[in-house]
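What follows is each chain in one-letter form.
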Amino acid sequence: KNEVEQSPQNLTAQEGEFITINCSYSVGISALHWLQQHPGGGIVSLFMLSSGKKKHGRLIATINIQEKHSSLHITASHPRDSAVYICATYSGGGADGLTFGKGTHLIIQP
Amino acid sequence: GAGVSQSPSNKVTEKGKDVELRCDPISGHTALYWYRQSLGQGLEFLIYFQGNSAPDKSGLPSDRFSAERTGGSVSTLTIQRTQQEDSAVYLCASSLFGSRGLFFGSGTQLSVL
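Residue numbers (the numbering used here), protein chains in the order written: chain A, -15 to 94; chain B, 417 to 529.
Think of the hints as simulated: they come from the structure by calculation, not from any bench.
Note that CB positions come from ideal geometry on N, CA and C, so glycine has one too.
There could be a bad hint or two in this list.
Listed next, the stretches of chain A that the computed footprint assigns to chain B, with coverage defined by at least 3 CB atoms under 8 Å from CB atoms of chain B [said to hold, decoys possible]:
hint: 1; segment: 25 to 36
hint: 2; segment: 76 to 90
Chain B side only, calculated, beta carbon under 8 Å to chain A, not exhaustive [as the list claims (entries may be wrong)]:
hint: 3; residue: S425
hint: 4; residue: F461
hint: 5; residue: Y464
hint: 6; residue: G517
Let's have the full structure, built from the sequences with the hints guiding it.
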C-alpha cells in the first residue's frame, strides 16, 4: 500500500508570501491529486497530475515521477487561501488504490 | 452530470436517528469510493465498489454503517442510530476502472447532535 507523507503539517505565513507544500509517496502511481478543504468541510479538487506541471491562477502543482514527489505552490498568498490542502495518490483501482496524505493546515495572515 | 455530486452538502441530525448520504458518480464510472474525515483526522477509507463485483467493505467502522450502489451508478451510504462520533465529512470519489482519472465530490458535512 502506498504511503503518502505531506509536509509541513501546519504552516502560517503572511499575506503575499510564496507558499510551498510538499507531498512524497512510496510506490508508483497513475495520478496525484491536490485537494483543498475549507473550514466548512467542503472539498475542492485543485489539480490532477500524472507528469510535469500544471498552473491555475496563483496555484502551481508539479510532480517528479522519478523522485515520487509533488509540490503545490501558491504565489502572492491571500487570507482566502487559508485551508487544509490534501495530497491524494491514485493507483488505478482497488480499495488500496486511493491514498490520502494527512493534510497541510495553511493559515495566511493579513 | 459534469462531476461527482454528493447530497446533501450539510446534514444535521439528532443522535439515534438514521441518515442517508448520496453520491452520484460521473456517468459510466465503474469504481466508487467512500471516505470520511473526522475532526482533526485524515481521510479514512470506508467502502469501495467496482462494477458488479462484491464491494470491499473492510473500512466500515461498525454494523451501523452500510452502503449500496444501485444499477452500478448512484451510491447511498446509510448510518443507522447515529452517534456523535459519526460527525465527519463524508467524501465520495469515482473513476473508470484502470484509468488515471479519479474525480471527487465536494463532500457531505454530517453533524450529529
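### Message
So, against the hints stated earlier in the document, which numbers end up violated here?
### Response
none
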